[in-house]
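Going line by line, the protein sequences match chains A and B. My numbering numbers the first residue of the first sequence as 1 and each following residue consecutively. My numbering numbers the first residue of the second sequence as 1 and each following residue consecutively.
Certain hints may be false.
[Claimed, not checked] If you want the ones that stay clear, here's a sample from chain A, every Cβ over 10 Å from chain B, calculated:
#, residue
1, Asn6
2, Gly20
3, Gly32
4, Thr36
5, Ser53
6, Glu56
7, Asn57
8, Pro61
[To be verified] Quick list of simulated restraints, FRET-style, between CB atoms:
#, chain 1, residue 1, chain 2, residue 2, range
9, A, Pro63, B, Glu462, 50 to 60 Å
10, B, Ala544, A, Pro63, 46 to 56 Å
11, A, Ala27, B, Val420, 13 to 23 Å
12, B, Glu233, A, Pro63, 54 to 64 Å
13, A, Asp33, B, Lys32, 55 to 65 Å
14, A, Pro63, B, Ala206, 15 to 25 Å
15, B, Phe148, A, Gly7, 13 to 23 Å
16, B, Ala6, A, Gly7, 42 to 52 Å
17, B, Thr425, A, Pro63, 21 to 31 Å
18, A, Gly7, B, Asp165, 19 to 29 Å
19, A, His25, B, Ala402, 46 to 56 Å
20, B, Gly117, A, Gly7, 21 to 31 Å
Since the hints were made in silico from the structure, they are not lab data. Since the structure is predicted, the reported quantities are computational estimates derived from the model, not experimental observations. In this text, a Cβ means the ideal position worked out from N, Cα and C, and glycines have one as well.
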Amino acid sequence: MRFSDNGYYIETYIKCTNCGVLLYHPAREVPGDNDTGPYCSEWCRDWAALRASGVENPVLPLPKS
Amino acid sequence: MKEARAMDMITMNIIESSMVSVCREMGITLMKTSYSTIFNEALDFTCAIAATDGDMLAVAEFCPAQIGGMPLLIRSILEEIPLDTIDDGDVIVHNDPYRGGLHTPEHTLFAPVFVDGKLIAFTVAIGHIAEVGGMVPGGFAAEATEIFHEGIRVPPVKIKKRGVDVDEVWKLWLANVRTPRYNYGDMRALISGVELGVARLAELIAKYGVDTFNQTCRDLMDYSEARMRAEIERIPDGRYTFEDYMDNDGLTDEEVLIHVDCFVQGGEIIVDFRGSSPQVRGPINATLGVTWSASYNAILHMTDDTIPKNSGCFRPIRVVAPRATVVNVDYPAPEVGGNTETHPRIAGAVLGALAPGVPDRAMAAEGGTHLNFVFGGHDKVNDEYFACYDIELVGWGARNFADGNDATDSINGNCRVIPVEVYETRYPWLTEEFTLLPDSGGAGQYRGGLGTTKTWLCRNAEITCSQLTDRHRHKAWGLEGGGEGANGATHFAAAGEDGTWRTMVEAFGKASTSKWANITVRSGDRIRLITPGGGGYGDAKKRARDAVREDVAEGYVSAEVARQTYGLESERGD
Numbered sequence: 001m002r003f004s005d006n007g008y009y010i011e012t013y014i015k016c017t018n019c020g021v022l023l024y025h026p027a028r029e030v031p032g033d034n035d036t037g038p039y040c041s042e043w044c045r046d047w048a049a050l051r052a053s054g055v056e057n058p059v060l061p062l063p064k065s
Numbered sequence: 001m002k003e004a005r006a007m008d009m010i011t012m013n014i015i016e017s018s019m020v021s022v023c024r025e026m027g028i029t030l031m032k033t034s035y036s037t038i039f040n041e042a043l044d045f046t047c048a049i050a051a052t053d054g055d056m057l058a059v060a061e062f063c064p065a066q067i068g069g070m071p072l073l074i075r076s077i078l079e080e081i082p083l084d085t086i087d088d089g090d091v092i093v094h095n096d097p098y099r100g101g102l103h104t105p106e107h108t109l110f111a112p113v114f115v116d117g118k119l120i121a122f123t124v125a126i127g128h129i130a131e132v133g134g135m136v137p138g139g140f141a142a143e144a145t146e147i148f149h150e151g152i153r154v155p156p157v158k159i160k161k162r163g164v165d166v167d168e169v170w171k172l173w174l175a176n177v178r179t180p181r182y183n184y185g186d187m188r189a190l191i192s193g194v195e196l197g198v199a200r201l202a203e204l205i206a207k208y209g210v211d212t213f214n215q216t217c218r219d220l221m222d223y224s225e226a227r228m229r230a231e232i233e234r235i236p237d238g239r240y241t242f243e244d245y246m247d248n249d250g251l252t253d254e255e256v257l258i259h260v261d262c263f264v265q266g267g268e269i270i271v272d273f274r275g276s277s278p279q280v281r282g283p284i285n286a287t288l289g290v291t292w293s294a295s296y297n298a299i300l301h302m303t304d305d306t307i308p309k310n311s312g313c314f315r316p317i318r319v320v321a322p323r324a325t326v327v328n329v330d331y332p333a334p335e336v337g338g339n340t341e342t343h344p345r346i347a348g349a350v351l352g353a354l355a356p357g358v359p360d361r362a363m364a365a366e367g368g369t370h371l372n373f374v375f376g377g378h379d380k381v382n383d384e385y386f387a388c389y390d391i392e393l394v395g396w397g398a399r400n401f402a403d404g405n406d407a408t409d410s411i412n413g414n415c416r417v418i419p420v421e422v423y424e425t426r427y428p429w430l431t432e433e434f435t436l437l438p439d440s441g442g443a444g445q446y447r448g449g450l451g452t453t454k455t456w457l458c459r460n461a462e463i464t465c466s467q468l469t470d471r472h473r474h475k476a477w478g479l480e481g482g483g484e485g486a487n488g489a490t491h492f493a494a495a496g497e498d499g500t501w502r503t504m505v506e507a508f509g510k511a512s513t514s515k516w517a518n519i520t521v522r523s524g525d526r527i528r529l530i531t532p533g534g535g536g537y538g539d540a541k542k543r544a545r546d547a548v549r550e551d552v553a554e555g556y557v558s559a560e561v562a563r564q565t566y567g568l569e570s571e572r573g574d
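One chain only, chain B, in its complex shape:
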């Protein structure tokens, strides 16, 4: 009989912390060396360490959209580039949404870690490249009907071999984007991240020895699995069902259903999306990697956040996402909005389903969009094309012990908004207004977080703009009687029209107010983005009177809503 072996918890803790530290340093390197604001200001990337079988061993706390899909993505790469063909100094790039990827802009860089000539692990960086070619500047082709509208697709290929650039790959890729100088810099930043990780991890493995490192990684994943099972065991066994909707796919006005059944059974969860809408013609279809990531994201939100994040966490969870549905797109349907807009709705559906089982960790729905305002144009001063992917902030859902966070990136982003000063320096917009939006948080004993309003004045002769967002119709839901958050909106005012605000349907004849492509904005025109608020929790009449008065004093809640919805009879009394 095999003798039971105790885990060395001290060594495990040190190696796990060191690996997370390596991942963080990879991310900081990426941030500091990149060219585009989506990396160096918004931090839309994630860095990780993976085992040679594709298991994720450690990850830093950057963008959660990319964490849960990583195991699937890594395994897809290893299916096409066998281990015995990978050499020290190689770097692999990949962005193919149909081969484990998340969406076309998300590029995965992947570098082997050799110790004494033996392949031990990989370092991984996933980052959102702002410009990928396709039908719109900035990647979010909101009117796309096939993948080829969404930019260049890169299957797993080596962009460096034994430490040397593969010129043909670089040339092919950079010939297919609008901003080659920026793309070159951002790709170099991603490569710098994984190469720094290789050096750091090799030092760590050398310090402890290969055998100890490998055994510790196995122990670490077993430990995470055991802790995740213990967390899931807190949820009573049974079937938990929830449905939510996307407004539309941008091409028609039909809502799109996300249906989930979570089957909790003795420390395991089957997350089954049977019953969700078939894949749609417009670009909001999620890849399987997105649906894995969104499901894991929701469950990580509802479980102990001190569990080390690795593939062990995911062993007690099985995601079932039938092909050719909005949660598992088939080639060649478009998908770029799946990773940003559908991910929050999928995660929200899982959170909503499981809320009755873990009420102390449940959260009402958050704004659930990144706004995805993208634009590009010609910079006459530097005589080159510019492009930007802009993320905006939404209100988060309230919990049974706290208000929702105001103006925070949606659940899968953890990104920062680009500071106004940087924005105005880098791009030809003047920010005339950037405020929290009063009354946008769903009412409740705990109030939903507030969305924002931002108004830009165009200062370039011409800018081509597009947007792929949601929640212009379906609001963020509340919990336990809490109210819905307010909708978002996007408006346009032409120069010389005395500030008349119109939707993109009204101004440009687009099919959708939230998903539209390639409008021309000229000097003096204005764009206004209103972002959705989060849902509230509990009966608004039970909200602490002092909290209502403070909300009114701060301008978060109007006096009228305080009176009518919260039942505040006067500024001073109940």
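For reference, chain A alone in the conformation it holds in the complex:
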């Protein structure tokens, strides 16, 4: 999310390329390969890659909370 300098309004809504959650902190974003992304987590980056690869039944355990 990119807010105006004074914080009064949102200039750009930034969302995870995979799961679609809002990304409030650029420092926590995970870039993807080949200029894809940003992602909210390494899990989302890897899941997006698995789905894009066409694997019929991808398996990727969720990260422990």
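Go by the hints and put chain B onto chain A.
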């Protein structure tokens, strides 16, 4: 090596039950102090307790549409109002659909719980405010093409600071709605709910101590997570796919696809909506909070209902909803119908996908709409504007052991219909007919629940009406050979036209029969709402003969359908 610590199950149970009780009391307070029928009759709200990191700790059994989206919503608020800027006595309000919210009418109130000067938790109330400004009275702007048609958007701001009203916020908000007196009363009711919760929770925490309370909440979420994982492990690993459609977006006649792949993997579920339609021009786009909520709603329906409802339940579930799709709307596309109409279709798709994995808990599709009939006008007696959001009831889907429920609010509502007597007292309509609709339940070994028919006569000089509903084309699907439920419909008959019923397309030239805005209804005109039925389960020929005969005797199934569809040869025999 860290020593394993056993959970104190007794203390956990007591604190969990007490927190749920606090949430219920918050809701009752809200109900009893509110002004609008959407709160005090329909109960379109939810109350909860949250941790300082945004986790939901407990919630009462009010409106499920608001439960699953709560963690996302709370986290969005805390991103914009840092914890160290929140003081005792503050109350935060928020309804922004693009910042974790569900849709514009859904207002979230949020109050901190301090114990000995330290912030420990939050109480939360989410309620559907009936009038929010925008292009139609009552909030459901069925012909909206951007968020600005749908009413005032409130980012997370404090409406009370240290116990004192922030006048500027109140004035700004109330200047942008048609019914300021009612909105004021309803907002006060929401605030009363969270403030009562603050007092009750502070007493509870003081009784057990902060350390015990915090440890118990962590244990509670771990416990819910473990139980949810055990439930999901019952479902064979694999990929489960389903698709369903919305009729249209109200502006064009194109159907809108909800596609879901549920990947079950060792006690976890990835609910992936890749392949769903891009976001549409009309107001049926769902926010991400709606899609989270609908996915969790479906899974909660298919798992043990005694699992304590908190964020721990949701840890083994990941929702993937690509941006700029009908399941994750991007600014500034409209979204008000996403929370009421698209939510049931999303939840239904997840239920349909997982049905083969948990057949004993599967359910055929339900009516999947709240009808969302909204209206407003000028009350000459009191010289003020009135507005109402009316919810109607649909048939629910049958299961492999029981018929679907008749005339019940859709899966995400759990709301009540406004009683006829209250309706006629509060609003200028005479209810001429309110009946179960025969043959509207999908046929099956277990029959789908029945929809209803309701007819109103207008008694005001002029009322401005709108509606945002669905299932006028796509019917509720059956399971295991069960039949589809009947479609809904909305009709209009002008005064003096001898009861000729016409759709809104026929009468007013609207683009959609189910989604239309701002028609003028005058004294003597009539509106008829027909609500969809639920899908059936199993082969209708296998339905118990006594059950078919009883359905005919009660008027739920016509003799003709009993004969042709259920194979009942006579009233007495097989």
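Consistency of the hints with the structure:
1. Asn6: Non-interface label stands for A:Asn6: nearest chain B Cβ at 13 Å, farther than 10 Å.
2. Gly20: Violated, because the least Cβ-Cβ distance between A:Gly20 and chain B comes to about 4 Å, which does not exceed 10 Å.
3. Gly32: 14 Å, holds
4. Thr36: Holds, because the least Cβ-Cβ distance between A:Thr36 and chain B comes to about 12 Å, which exceeds 10 Å.
5. Ser53: It holds; A:Ser53 is separated from chain B by about 13 Å at its closest Cβ, greater than 10 Å.
6. Glu56: It is violated; A:Glu56 is separated from chain B by about 7 Å at its closest Cβ, not greater than 10 Å.
7. Asn57: The assertion about A:Asn57 is violated, with a minimum of 5 Å to chain B.
8. Pro61: Nearest chain B Cβ is 7 Å from A:Pro61, so the label is violated.
9. A:Pro63 <-> B:Glu462: 50 to 60 Å: Between A:Pro63 and B:Glu462, where Cβ atoms are some 58 Å apart, the hint holds.
10. B:Ala544 <-> A:Pro63: 46 to 56 Å: 50 Å, holds
11. A:Ala27 <-> B:Val420: 13 to 23 Å: Because 58 Å falls outside the window, the suggested range is violated.
12. B:Glu233 <-> A:Pro63: 54 to 64 Å: 19 Å, violated
13. A:Asp33 <-> B:Lys32: 55 to 65 Å: Holds, since A:Asp33 and B:Lys32 (Cβ atoms, about 57 Å apart) stay within the stated range.
14. A:Pro63 <-> B:Ala206: 15 to 25 Å: At 36 Å between Cβs, range violated.
15. B:Phe148 <-> A:Gly7: 13 to 23 Å: 21 Å, holds
16. B:Ala6 <-> A:Gly7: 42 to 52 Å: 46 Å, holds
17. B:Thr425 <-> A:Pro63: 21 to 31 Å: Violated, at about 55 Å.
18. A:Gly7 <-> B:Asp165: 19 to 29 Å: 23 Å, holds
19. A:His25 <-> B:Ala402: 46 to 56 Å: 48 Å, holds
20. B:Gly117 <-> A:Gly7: 21 to 31 Å: Distance hint for B:Gly117, A:Gly7 holds at roughly 28 Å.
In this structure, the hints that do not hold are numbers 2, 6, 7, 8, 11, 12, 14 and 17, in rising order.
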